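Two chains, two frames, a set of hints: combine them into the complex.
Going line by line, the protein sequences match chains A and B. The first sequence begins at 1 in the working numbering and counts up one residue at a time. The second sequence begins at 1001 in the working numbering and counts up one residue at a time.
There may be inaccurate statements among the hints.
Cβ-to-Cβ under 10 Å is the rule here; a few derived chain B residues that face chain A [to be verified]:
#	residue
1	SER1050
2	ALA1062
3	ALA1073
Hints were generated in silico from the structure; no laboratory data involved. Computed from a prediction, not measured in an experiment: that's the story for all the values here. Just so you know, even glycine gets a beta-carbon here, dropped at the ideal spot from N, CA and C.
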Amino acid sequence: MGSPEREIPESEWIRRVQRGEREAFEPLVERYQKRVFSLVYHLVRRRDEIEDIAQEIFIKAFRGIRSYNFQASFGTWLSRIAVNHCYDYLRREQKAKVTYYWQIGEEGSRSIEGRAQSLPEGALNLEHQSEARDLAEKLLARAPAEDRAILVLKELEDRSVEEIAAILQLRINTVKVRLHRARKRMLQDWKRWRQRR
Amino acid sequence: MRCKEFRGTMDDVPRRPASPEWREHLRHCAACAEHVRDWETVRAGLDLLSVEPAPEPMLGFAGRVLRRLDESARVLLSREEVLERAGRRMVFATLFVVLALVLVLVLPTTGPVRAHASTELFPAEPAVVVENNPILLDDSAANVAPAPSAPAGDAGKLRP
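So that you can see chain B by itself, here it is in the shape it has in the complex (with noise of 0.2 Å):
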């Protein structure tokens, strides 16, 4: 029997007993003694360990379990409600952000709410017709009285 061969099948020891060709082999290989050695050790030790008892639950484990499942099913629970209470939210927030688009398109360029950035809040007279207007007829030029609108620096110059 070689080495590989008899470790391949020493698993079992030692609760099986040794076949007549191990004790020959472990009788001329020095090695494979050693190692059955070892593991009838380790085998001993995890032998002790599997009677060793474990650890009993404590009375009242189930019940435990179930308040942890109860405790594990309310924050589960509140942590849905958040999620919810914040799906709401971005759901309200979107809502108000199209309706905002949907203004700004759907709303006509001018108008009351936007006026023409180039409009007049205040429109000019219209000029005054000096040629045959009797009363500024005899008058210089200096007496004609400027638009109330018009800007100082524009005082006694005629519109167009």
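Same shape as in the complex, but just chain A (with noise of 0.2 Å):
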């Protein structure tokens, strides 16, 4: 790690790709690699696709990466373009309604949820953790894809409201409303399916 060749700047590394050196890509990967996945993971939740869904986005990075004006970080470029290739691949899914979330079923989900319904005030105990974690995972599912990706990057990544605009390329204040929107909708989520019941 402590080769010449790996305290190159970053910048140089980028502008070796940009001069189509096709090796030069590999150090970037290496030092993206795990907020790639991180950040699929998050959006995706598919453990099984991971690999593959990060592959097309450094792909992706590589084949787009003469567009790359150093006027954002490479980290926040990169993060736009994963976003946007899950965003698809969500839509995707949905479209195919391919529904991976819901293997339980609708009678596992109705328990998680009235079980998550009864969870007292105040701090959590392990059983309750794992409820509230199944049915924050289940809303996040149910999310729009535009209202997963902000959510994702706020609550799971803690990505801040500046970053998250970088990435999104919105405004901040479009980025707060967005996000106050989402939280809205998902809680509304909630309250609706308990009603169902």
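Below you can see the structure in the form of structure tokens.
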């Protein structure tokens, strides 16, 4: 890791790739692979698909790297590609009505949601934590792709509103409004879901 | 504090300690209290999801990305080759058609290649003049030999 090759600044690697040096892309992949895997996992939540999706994201990044102009950080630029790719993937999946999130069936999800409803106020014990986790996962899965992207970036990836704005190419105020609406819709969804029982 | 105002400021619950105003509102408003409880539950679940470790990239991931890049470049190249070959064939076919059209337009309408439709391959012999021919003078019209090219039905007839 201490080799002079590795000490070359990131911008130099990027410039080399832009000049057509394919091998210079490898250190960039190594540097960002964990971040991309985490983002893909939080957005798509399919362990079996993560490697393929992450590879496609890096291939897209390689093909589009000439358009990278160093205005945003490379990480933000790459996250933008990742979010767009996952967003397309989610929309395709929603169109195809793949219900992989609901493989436990209606009954199972009802019991989880029922137990989550009875969660006590204040600190959650271990059992309730697991229920809250399942509930949050299911609510995220039910959310529209746009809501899920913004909620994942904020709540799971813990990105700042400024960074989310840069990734989604939106204004900061727009991000705040969308975030507020996405949270509201998620809670409304849960309430509707409970009322149907 | 009104409910709308209250709910507009509660995005940071439970990360932000509740203010006295909040507590006062929650004591009187059951709907907002339920709303806060719901959000706390969801937020707790989201927090748990966020600390859940994502799968790690398998060893050699970067190498696999580069290999896939090579493969896609090769596919792209072979696709370009196919397109180039098809394009070349199209150009040759077009040239051939243009050449054929030029020949059709440039070549004369008559000649050895294209004879006039009405022209006979074996032109008829000139008519035999009977009047001053001493051989034919004494013979009857029936002795006159027909022209070799004349059809059978026309035997014995004189050509104009």
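List, from low to high, the hint numbers that the structure doesn't satisfy. none
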